[in-house]
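From first to last, the protein sequence lines are chains V and W.
Be aware that the first sequence starts at 1, since it is given in full-length UniProt numbering, and climbs by one per residue.
Be aware that the second sequence starts at 1, since it is given in full-length UniProt numbering, and climbs by one per residue.
Hints listed in this document are in silico derivations from the structure and should not be mistaken for laboratory results.
Incorrect hints may have been included.
[Said to hold, decoys possible] List of simulated lysine to any residue pairs, SDA-like, C-alpha gap at most 20 angstroms: (1) W:Lys450 x V:Gln91; (2) V:Lys4 x V:Trp79; (3) W:Lys423 x V:Lys15; (4) V:Lys105 x W:Ile437; (5) W:Lys263 x W:Glu18; (6) V:Lys4 x W:Ile437; (7) V:Lys105 x W:Lys414; (8) V:Lys4 x W:Arg430; (9) W:Lys423 x V:Arg136; (10) W:Lys240 x W:Ile218; (11) W:Lys423 x V:Ile94; (12) W:Lys84 x V:Ile94; (13) W:Lys423 x V:Asn120; (14) W:Lys423 x V:Gln77; (15) V:Lys105 x W:Arg92; (16) W:Lys75 x W:Arg64; (17) V:Lys4 x W:Lys423; (18) W:Lys450 x V:His86; (19) W:Lys423 x V:Thr134; (20) W:Lys450 x V:Asn92; (21) W:Lys423 x V:His78; (22) V:Lys15 x V:Arg136; (23) W:Lys414 x V:His86; (24) V:Lys4 x W:Asn425; (25) V:Lys15 x V:Asn120; (26) W:Lys414 x V:Val40; (27) W:Lys414 x V:Ser129; (28) W:Lys278 x W:Glu390; (29) W:Lys323 x V:Asn39.
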Amino acid sequence: MRSKPENKLSSAAIKAWRLTTCIFCLLIGFIPFLFWIYNVVSPGEGNFSIWMIATLGFLIVVIAGLFITYLPEVRWQHWYYQVDKHEIDLQNGIFIITRTLVPVKRVQHVDTRQGPILRNYGLADVTISTAATTHRIPALDEETAEQVRNQISRFARLAKEDV
Amino acid sequence: MFNTQRQHPVAALARSFEIIRANFFTILILLFVGNLGNEGSFTLYWIFGAFIILLIWGIISWLRFTFSADEGELKIEQGVFVHKKIYLTADRIQVIDISAGLIQRIFGLVAVEVKTAGSGSKQAKIDALSREEAERLKNLLRSNGDEVKSESKQESLSELYTLDTKDLLTAASTSGRMGVALSIVGGAFSQLDQVVSEERMIQFIQTHMPHSTSASLIVSGILVAIIIAWLFAFLSTLIKYYDFSVEVREDDLLITKGLFERKQLTIPFNRIQAVQIKEGLLRQPLGYASLVIESAGYGENEGNSNTLFPLIRKDRLNSFIEKVIPEYDVETNHRLQINRLGLRRYLLQMVWISLPLIALIWWAVPYGVFSWFILIPMLLLGYQQYRDAEVRSDDSTLVMTARLLSKTTAIIQKYRIQSAQVKQNPFQSRLDLADIIIHVASGNQGRSFKVRELTEEEAIDIKEWTAWNGTPIQKVHKDRLEE
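My request is simple: use the sequences and hints to build the entire structure.
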């Protein structure tokens with residue numbers, strides 16, 4: 001697409017996303033482990049083949065490895081945002097590219113959110129709500145996030161209209 | 001002014017019936033499951049007991065429910081275990097909806113529902129009120145307190161549009177709700193062997209239709225299903241839009257409709273978010289369309305669409321819009337249609353959609369080879385979608401036309417647009433095409449309108465245009481470069 005929005009997310013986002021993906025993959029990894037436990041607990045009929053479990057486990061490890069090493073970085077590279085006094089411009093997506101424009105005067109409220117992982121890396125998400133939609137700029141520096149939030153809310157207050 | 005008071009006691013009954021109606025299907029399933037063990041009387045006790053409990057629940061919640069209105073503010077206190085206080089200020093109220101269900105009508109009462117914009121939680125609904133009180137409450141909330149003045153003003157200016165019997169019948173017989181009805185009928189058919197045993201069915205067929213082949217059975221089965229579905233759609237539309245009227249007042253629209261449940265909606269003009277003209281597959285050839293308006297109200301998951309007029313001749317459409325909602329009567333000077341590259345994608349999409357269906361029918365049904373003929377109407381539909389899709393605009397209004405099955409034309413004021421999105425998948429980026437999606441507020445989730453396969457440049461121009469004040473689309477690009 002044409003000229004992208006100017007700003008990129010904090011580069012610490014990659015690390016934070018890696019950790020999130022890691023935890024998610026660990027949860028998925030539990031599935032073959034559960035099968036194996038089932039085998040041990042109730043030996044005899046209806047067992048899962050050990051080869052099936054091994055293959056499943058191997059596949060999960062390989063895919064998880066790819067996801068953890070590459071996906072966060074690629075995702076980060078495809079995220080752009082820009083805020084000025086008329087509009088909020090967002091672009092994201094690796095395969096399907098979505099370019100979103102929110103007129104600032106339509107914004108109902110903005111907030112920053114921070115889970116334990118994001119806090120660990122000093123990051124925060126900015127969530128922008130209009131009367132119809134909710135948009136998110138993920139993983140900005142705490143400081144930037146606060147700045148963006150205040151900026152949007154200041155601009156939004158300048159142009160107060162009806163819904 | 002309304003002092004703190006309770007609803008009419010009938011509210012207790014109405015509340016319990018509402019719970020029953022909301023859980024109708026669950027109850028039906030329980031009935032069927034319960035009857036499997038041949039303990040009919042036992043289930044009957046259960047039903048009776050459950051009904052008593054519901055009634056008691058209704059009475060308790062009636063006792064706990066009080067409301068008052070004062071100086072343009074509606075206060076409701078309710079809740080049996082969890083106390084809830086809802087305060088609604090008049091100038092935030094989007095829609096006031098007066099309806100009368102079966103129970104309310106028996107006692108000559110109405111229910112009042114108040115909706116505001118934004119991300120609220122539950123609806124504020126008063127289940128039972130006398131009609132005069134409801135009208136008084138409505139006027140009180142509509143006019144920020146000064147009751148008398150606004151009432152006299154509204155009466156002098158109102159103008160009435162009704163749906164005559166012929167149009168009602170046409171609307172019912174061409175209603176697009178057949179698809180929904182068809183799926184219900186199909187579901188019922190698949191459950192048929194629970195009620196009638198297979199041998200009996202075969203016996204019935206052999207005695208009554210001795211010369212039928214399996215092919216003719218399939219065809220006649222499909223025909224019967226379609227006819228039943230059509231009847232359902234016909235009746236439900238008839239019930240829904242019986243005695244339909246729109247009253248145009250100075251500040252708001254008053255829509256009244258319904259046979260068993262009389263519904264009365266009040267929609268202020270300045271709360272209308274967008275207008276849709278829908279031309280169904282069956283209606284379009286007859287030259288009819290229906291008008292739908294989006295308004296911002298909370299409580300619904302789906303957007304808050306209200307039918308402004310269920311059926312109107314296309315040649316009368318413009319004059320109707322001009323009179324009733326003049327803001328949405330627009331002359332557009334800029335028009336965008338889909339180019340040839342887009343056609344390819346419209347057709348291909350239809351092919352991708354039909355292929356699994358064809359494969360499934362081919363595999364599962366005798367004579368399934370003929371399912372390849374599905375491709376012809378699908379491709380025609382794809383071509384028609386391509387022909388119909390367009391975006392028009394003037395300085396302050398956007399008109400988006402697109403077709404899935406029925407053709408939908410959305411008229412959107414620029415200052416109502418909540419956000420705009422340009423979406424592009426890898427196949428599109430190869431051809432420099434993109435989709436444009438516009439969101440407006442409606443209900444608590446909003447509604448989006450989409451036109452597919454514009455060129456990337458056009459899509460981005462429209463997106464940029466939404467944020468600029470009073471610039472025609474063609475100029476946006478130039479202006480942006482100059483800045």
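A quick look at each hint next to the structure:
1. W:Lys450 x V:Gln91: 18 angstroms, holds
2. V:Lys4 x V:Trp79: 10 angstroms, holds
3. W:Lys423 x V:Lys15: 28 angstroms, violated
4. V:Lys105 x W:Ile437: Roughly 19 angstroms between the alpha carbons, so the hint for Lys105 (chain V) and Ile437 (chain W) holds.
5. W:Lys263 x W:Glu18: 16 angstroms, holds
6. V:Lys4 x W:Ile437: Holds - the C-alpha atoms of Ile437 (chain W) and Lys4 (chain V) are around 18 angstroms apart, at most 20 angstroms.
7. V:Lys105 x W:Lys414: Since the Cα atoms of Lys105 (chain V) and Lys414 (chain W) sit roughly 12 angstroms apart, the hinted pair holds (cutoff 20 angstroms).
8. V:Lys4 x W:Arg430: 18 angstroms, holds
9. W:Lys423 x V:Arg136: Given that 20 angstroms is the threshold and the Cα spacing comes to 16 angstroms, the pair holds.
10. W:Lys240 x W:Ile218: It is violated: about 33 angstroms lies between the C-alpha atoms, which goes past 20 angstroms.
11. W:Lys423 x V:Ile94: 12 angstroms, holds
12. W:Lys84 x V:Ile94: 45 angstroms, violated
13. W:Lys423 x V:Asn120: 33 angstroms, violated
14. W:Lys423 x V:Gln77: Holds, because 18 angstroms separates the two Cα atoms, which is no more than 20 angstroms.
15. V:Lys105 x W:Arg92: 18 angstroms, holds
16. W:Lys75 x W:Arg64: Given pair Lys75 (chain W), Arg64 (chain W) holds - Cα atoms ~13 angstroms apart, limit 20 angstroms.
17. V:Lys4 x W:Lys423: 14 angstroms, holds
18. W:Lys450 x V:His86: Cα-Cα ~23 angstroms, so violated.
19. W:Lys423 x V:Thr134: Holds. Lys423 (chain W) to Thr134 (chain V) sits at ~17 angstroms (cutoff 20 angstroms).
20. W:Lys450 x V:Asn92: Between Lys450 (chain W) and Asn92 (chain V) the Cα gap is close to 19 angstroms, so the pair holds against 20 angstroms.
21. W:Lys423 x V:His78: 14 angstroms, holds
22. V:Lys15 x V:Arg136: 19 angstroms, holds
23. W:Lys414 x V:His86: 14 angstroms, holds
24. V:Lys4 x W:Asn425: Cα-Cα ~16 angstroms, so holds.
25. V:Lys15 x V:Asn120: 10 angstroms, holds
26. W:Lys414 x V:Val40: 65 angstroms, violated
27. W:Lys414 x V:Ser129: 18 angstroms, holds
28. W:Lys278 x W:Glu390: Holds, at about 15 angstroms.
29. W:Lys323 x V:Asn39: 74 angstroms, violated
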